[in-house]
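*Asks:* Here are the chains, one letter per residue:
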Amino acid sequence: MAVLVFAESLSGSIKKAAIEAVTYGNLTAKAMGTECIALTIGTSSGAEALGQYGAAKVYNVAASDDFDAQAYAAVISDAAAQLGADTVVFAHSSSGKSLAGRLAVRMNAGLVTSVISVPEGGNFSVKKGVFSGKGFATYEISSVNKVVTIAGNTFPPEIVGSDVAVETLSVTVPASRVTVKSKSTVDGVVPLPEAELVVSAGRGMKGPENWGIIEEMAGILGATTACSRPVADVHWRPHHEHVGQTGVAIRPTLYIAIGISGAIQHLAGVNQSKVIVVINKDPEAPFFKAADYGVVGDLFDVVPKLNEALKKFKESQN
Amino acid sequence: MKLLVCVSQTPDTTTKIKFANGDTEFDKNGVQFIMNPYDEWYALVRALELKEQAGGSVTLFHVGPKTNETVIRKGLAIGADNAVRVDAEASSAMFTSKQIAAYAKSEGYDMVLMGKETIDYNGSEVGAMTAEMLEMPFISYGTKMEVAGNTATIDRDIEGGVETIEVDTPFVLSCAKGMAEQRIPNMRGIMMAKRKPITVIPAVDAADNVKVTKYEYPAAKTGVKLIDPENMEELVNLLHNEAKVI
Ligand SMILES: Cc1cc2nc3c(=O)[nH]c(=O)nc-3n(C[C@H](O)[C@H](O)[C@H](O)COP(=O)(O)OP(=O)(O)OC[C@H]3O[C@@H](n4cnc5c(N)ncnc54)[C@H](O)[C@@H]3O)c2cc1C
Ligand SMILES: Nc1ncnc2c1ncn2[C@@H]1O[C@H](COP(=O)(O)O)[C@@H](O)[C@H]1O
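Going down the list, the protein sequences come from chains A and B. In terms of my numbering, the first sequence is numbered consecutively and its last residue is 337. In terms of my numbering, the second sequence is numbered consecutively and its last residue is 704.
Next up, chain B with everything else stripped away, as it sits in the complex (with noise of 0.2 Å):
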């Protein structure tokens, strides 16, 4: 199997968000950069089971400047055999699936993995656009596959329930928890990593039609309310009376 796996950089969850120049930009200074949770535990070791039952490859495909390259080389500690990276920035979805597009459409891979949305724009719309764009089937929020031959039998999560799916290669899919296990870099993988190839590719013309014109922090919560365990009714008519939710 050929596959591709594409991976973005996010900030870590647990890093403190700002915004710069009258809230107008996201403040990148002291800010924790890693491989999106998703890319990283799901889409690539899902791949790397694949390739490791059935041989193969697999691919790390990126948008993003030299800088980013840490997170690709912890993808290949884990295990993918080379990357290819854009060198851009990935301003929108629409530019970040172009540049995939243009790559894996004379590629052949077998199915193009992503995660089900990077942590930081929560935007799930690289996966549709790119599948558009490939003319390929497109496999949502997946959480089990099998491979049999060039056929796929997958669950994917719908609102309050499974799906489970059939459908032949090539296709994308956006990997969601239950896909794999995280897989933590050894020492070895480390040092291999160094080794394995990272090809740099300008990026395609693609145009921008969104933009962010102001961030905004969240209303501060004003204190919780604190209820006394033996009064509950109390907490009853607080949500009835004061905040109207029941």
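Chain A with its partners taken away, still in its complex shape (with noise of 0.2 Å):
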């Protein structure tokens, strides 16, 4: 019984989850001794590639590229059963997330989302962060059929095969009961649930006018921008760039937090970054509890100097 993966798209081309999704399929079907295979919907380019991660079939359903949930739902549990998949992943995104209950339901499977480990021993098992990264559980899924979501940056692509010729798999298509409008994303940024660099900024930041110095690292680094929340509260910055308990969550490997102190709900969106980094003026801030690497200054003078150091490395390494 194969291991099947929605690879999703955006703005039609395969994306960076899809590829962690793919990695993490081929590791699940080695682990229970089957093959991955890798589903595709709408206009998906890059999808032969997906052979290089490990799918040993790619296949390409057409439809409207327009996102609805319950029409993709039932085009992949179409899927699944006409290719024999008893194991359905998906990336742990907002699509991911919207699909992931609903096959569950179709095909009677348990569900364990935002998974970080790779299925372990005869049962199912795999682990997921809780309560907001203060603890891990392992969930035992005890169906024949199973679902799982995979969190961002947790499964690094590895070449380990070489690309493979998309076939078109033929599903009906439920008419959608959903329109889509309009879709808006920032151009030329890694979306911030993908990002593996991050800078982000808060409060200490004194006002949106500075966020110039922000900015320019995150050039510099080829990272994504984010932010406390009362930092997009006032609109300093906006909406989508508000990590923490009620914002995004993320796990990237690097998460630089400048005039942020370190609340707990803003803990709770970014505890699970592999290596984070506090520029803070005050000793005491709560986030050097949390930090890998401090710096105790002044930003004004730290981010500057910072900048030009890694201006200098990246100089370096061309």
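Simulated from the structure, these hints should not be mistaken for laboratory data. For every residue, glycine included, the Cβ atom is placed at its ideal position computed from N, Cα and C. One or more hints might be untrue.
[Claimed, not checked] Dumping the calculated DSS-like pairs for lysine-lysine here, alpha-carbon to alpha-carbon at most 30 Å: (1) LYS532(B) <-> LYS146(A); (2) LYS532(B) <-> LYS474(B); (3) LYS672(B) <-> LYS293(A); (4) LYS308(A) <-> LYS532(B); (5) LYS702(B) <-> LYS153(A).
[To be verified] Under 7 Å between C-beta atoms, here's a sample of chain A residues computed to sit facing chain B: (6) SER151; (7) ALA194; (8) LYS200; (9) LEU273; (10) ALA310.
Hints are included, so try docking the two chains, each in its own frame, into the full complex.
*Replies:* Structure, rendered in structure tokens:
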């Protein structure tokens, strides 16, 4: 029984999250002694490359690119039946989260979301973060069919194969009851949930006019910018940059927090970052307790110096 | 509009989390419980606003034991008309969704509103499951909704941006920040809540197909390494050679 991965696209191209999902699907298939199949829906350029990350086969279902969880879930569960898949993998993305629960119902499958481990043992056991990063739980799925969504930035893509030709899969696509009117995403920037490097700033910045040094750092590193909640609340920064309990939860490899105190609600969204750097003038700021590297100093002095050092480093790398 | 708002109960974010019984159980002793913030601030308040605008009713729905009624009373104090409680532990998302769907199926709700996720197990599962069981569209992570007649225009969060969609009732919606502003219950609301009905119903049969076998605490940070603010080359060096993240 195969592992089916829904490989999602954004603006017609395969997403990074989809490549991670295929990477995970391949590891899971290996653990279960079966093969990993990738499924794409609608325009999905770059899908053949999923073969490189471990998809033995890649299928495409012709359908509207406008996302509708209900129609897409019907397509994926029909595809799973046709292809003999008992395990379905999604990215823990806005689409993946909207679909996984529907699939679990359709397939009568046990569901675990945002997993951070490959299934182990004879039973299907997977781990995930719970209580906003204050613990981990290992779940066992006891049903025959299984559905998981995988946490972002957790399964680094590895090239294990080569391109495979995309085959068309014929599945009836139900009419959508949702009409997509418009879609706006920031161009040329890695979306925050997918970003490996994140530069984030808070109220210590004093005002939106001072964000130049933050954007400069993000530019040098190729990082995505984020912010604390009060900063988004007063519209110094766009709402989608807000990280934390009420905002986006992220798991980057590097999180640089500048002028952010490190309140528990903020930490809830960022404490699963691999490495945390904190720049704050107050040595008592709670964030230092959650940090790997800290700089106690005035950000208006420290950040320009760090930017210079990063620039020099980047130049030396070329 | 006939609106159903599903509310869960969850430990307060600031609560210390402990595990018991050889780390196989979550230890509820001494834990402060609250209504899940997304349900309270966004789903419930937006439902109340719609009712204020267009008339109708707002019913709270909760799966949980009698001890959780404090949370339901708070929802009634904020302004919901009445509540339904399924008298059972919400043992899994599948179990909870089956309860919601079994109840909502014949009641003809225009919308079933939820929070984007519960902040305990961070599942984001119940909304999609319930929608599938009810054979309704599911709009996730709504941050804004306008309703005209029976058509809703909703902004939803997608990675790094926003998608605007249109959908006709009935549907299931999960709510995130932006959907509404938190309301604090006032004295009059609290008094009125005492007289609002909570209907208690038994659970429908539903088996769990997932279970937690073990809990763990996150590895403690080994302590922050402080770097001289005058020596940012050192920080860059550490990030490159020691942490290997740049
Ligand atoms: C239910 C609930 C949910 C919440 N959800 C979130 C959430 O999702 N995300 C979130 O971020 N917050 C959230 N909050 C708010 C949170 O509690 C904090 O209030 C918030 O994170 C503080 O933001 P901040 O660190 O930017 O500002 P502050 O707490 O004001 O901290 C500013 C920091 O900058 C430092 N600073 C000032 N000037 C300088 C300088 N020149 N150089 C260097 N450092 C300087 C200060 O020492 C201070 O530590 C939530 C709160 C509640 C109650
Ligand atoms: N026990 C429950 N009773 C009623 N509604 C619930 C319950 N658990 C979860 N929900 C609803 O489902 C949403 C998503 O929860 P979850 O799938 O657990 O992240 C919550 O925000 C609630 O609106």
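*Asks:* With reference to the structure, classify each hint as holding or not holding.
*Replies:* Each hint tested on the structure:
1. Simply put, LYS532(B) and LYS146(A) have alpha-carbon atoms about 34 Å apart, too far for the 30 Å limit, and the pair is violated.
2. Distance hint between LYS532(B) and LYS474(B) is fulfilled; the C-alpha atoms sit about 23 Å from each other, no more than 30 Å.
3. Taken as a hint, the LYS672(B) and LYS293(A) pair is honoured in the structure, with Cα atoms around 23 Å apart against an allowance of 30 Å.
4. With a C-alpha separation of about 35 Å, the suggested pair LYS308(A) and LYS532(B) falls outside the 30 Å cut-off, and the hint is violated.
5. About 25 Å separates the Cα atoms of LYS702(B) and LYS153(A), which keeps this hinted pair within 30 Å; it holds.
6. Using the Cβ-Cβ criterion of 7 Å, the hint placing SER151(A) at the interface with chain B is satisfied: the shortest such distance is roughly 6 Å.
7. Taking 7 Å as the C-beta cut-off, the interface hint given for ALA194(A) is violated, the closest approach to chain B being about 11 Å.
8. Taking 7 Å as the C-beta cut-off, the interface hint given for LYS200(A) holds, the closest approach to chain B being about 4 Å.
9. Restraint check, LEU273(A) versus chain B: the minimum CB separation of about 4 Å is within 7 Å; hint holds.
10. For the restraint placing ALA310(A) at the interface with chain B, the shortest Cβ-Cβ distance is roughly 4 Å, inside the 7 Å limit, so the hint holds.
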